[in-house]
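Asker: Protein chains in written order, with my numbering: chain A, 1 to 579; chain B, 1 to 57.
Hints listed in this document are in silico derivations from the structure and should not be mistaken for laboratory results. Built from N, CA and C at the ideal position, the CB exists for glycine as well. There is no bait here: all hints are sound.
Straight-line Cα separation of at most 25 Å, SDA-like style, residue types lysine to any residue; simulated pairs:
no.	chain 1	residue 1	chain 2	residue 2
1	A	K180	A	A7
2	A	K180	B	C27
3	A	K180	B	S11
4	B	K12	A	H482
With the C-beta cut set under 7 Å, the calculated list includes, among others, these residues of chain B facing chain A:
no.	residue
5	D2
6	Y25
7	L26
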Amino acid sequence: MSPPLNALSVETDVLVIGGGIAGALAAIRAAEQGATVTVVDKAFFGRGGCSALASGVFSHWQPGDDIEPWIRKMGGPLVNRRPLRRALEFTARIVPLLEEWGVRWVRDAGELLHVPGSTGSSPSVMMDGGGPQMMMAIRAEVLRRGIRVFDHVMVTDLLTSDGEHPTAGRVVGAVGLCTKTARPLVLSARATVVSAGPFALPYAPRGQGFQGMPRNASGDGQAMVARAGAVLGKLEFGGTAVRMYDLFCAPGLEMLLGYGGVFQNALGEAYLNRSMANVGERRSVLGVASLREYQNGRGPVFLDVRHFTPRERDLARRVIPIIVSNLESVGFETSRDPFPYNTLWPGTDGISGGGAAIKEDGSTTIPALWAAGGCTDGAYLTMGQELGTCAAMGWWAGESASSAVADLAPPEGVELQATTLIERALRPLSRPENGFEASQATLMAVPPSVGQPMNSATLSAAADRLVEIRSALQECGAADAHQLIKLLALQNAATIMELSFRIMLHREESRGTMLRSDYPHTDNERWLAWTRCRLTAPSELDVWEEALPDDGEFIPTGATRELHPYFAAQITEAKSPHL
Amino acid sequence: MDVLRIDSERSKAVVAYSEDCQACYLCVFDCPRNAIAVRGADYDQSSILMSSFALRS
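Modelling step: build the complete structure from the supplied sequences, incorporating the hints.
Answerer: The structure is reproduced here in structure tokens:
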């Protein structure tokens, strides 16, 4: 049967959707095990996505290190510490392996240089050339191994054996569009790994206080697995990170804080040590503390690295070149100026990892579908994803997916579903006069309406508003392939944002980055559980909790119900006003 | 981010979608002829700081 709509047809054992660190390692491991592997990326694999823009550090546990402080720093009561240990141990193996592949770690007199600890980060090696150098070296290794790479292809949907979304069968590949020409691709695969990265609010114009890294991180992976009927988890914990205001780049915190950068408020006070030490999760400490400064009239907040030595400044230029370039381009001199950070609204940042619920081997709840990295819940191995844990997840998913190939029949009969999905994806091109700018603007307005802290009224209203916006986006058009890809990305982001708010509504407590004024306690009696959701029909969402597994290692909790430190600190401050 | 495209008639790279530039500087780092610069000229520090504060108040 001829390919639908002049689509390019591709057959592969293992399809990897998304070429960041997780996808690259999944591809390499699968190829090592003898599978034919195809990677697709909606940008240029090695030059797009979070990994390529990464803030230059990579966790590196070494044999002989006491692993327990790492576990304590990286975990809260919901963290599944068994895979976390495995992931940390994996970093001991992958750091030298990446160097063999051409990644350049900063060395001092021949020895690997490690960043001192920052806000809960563990000692890390640094990329000499940042994320860009790392990912291009990895791309070269992927190509050396004969893995086929399709750049500039946005996967729009997964293919299923029964032709249904949600499916009662298995995943048999995906369909996608060339981002430059809109030519379709039909990618048939025995095993599929989704590694399309975390979600953010994509394409936000400058000056509106939203920033993501990268700007086209739109939750494509989460949305496609959700439509296919996979269970998702941890969507409620993505928010309240910090970003450099209006500068589209990674926050660069691990290196800058590791070398002694100090967060200050507008009064010049260092505020991170102000009763936030027990929030537990990593970046949420900084996010929640910074939020407090803004909410209490002591914003903006700044990062001060004026005391860096020339050597440290040179190191920053090598390890986080994008951040340094951004700062200098707008006139900041880090030796003279602190530079501002802003906090993010709920539902706009999934860097902490929320999406496909996976087991430790990366398998999802749909047969023949694996997932890895920032588009997953990480098997709850940590509350914040990072390169090291994403690398481990990718490796395990690639291993598991390729091991399963022998028992998975080649896909058959995908043409009808592929045609339907491709036609749906291309339909906006038939109505270019229906621009999406207005719908995009209303989407941008939703997260601020939720507020921080949130409450059930604002969350419900936002979720209901998103139903309307998603419906409007379905009627929008696009003038060319470039605009079409943006529209499809906005549709995915709106979907994941709605799911995130509904999950936040379900969890009736405050925990980590999730702050609810109507439920200000962290309730380990009722809510020491993982939330889950699943689309049982295109517009029907099931939400439930899953008890923590008996076979994991979980931090024993003392008090069962405590005021979240954010609210406790606000009460303390109200009684003793800041002078 | 699909900002740059190739004008095949002139065999030159062109800025096709400048509004989608995310200032990642990868084009600057990669250009073998150092032909690309990223301008941050519209970043007004004082107004950005005040806006940043106002957004959270």
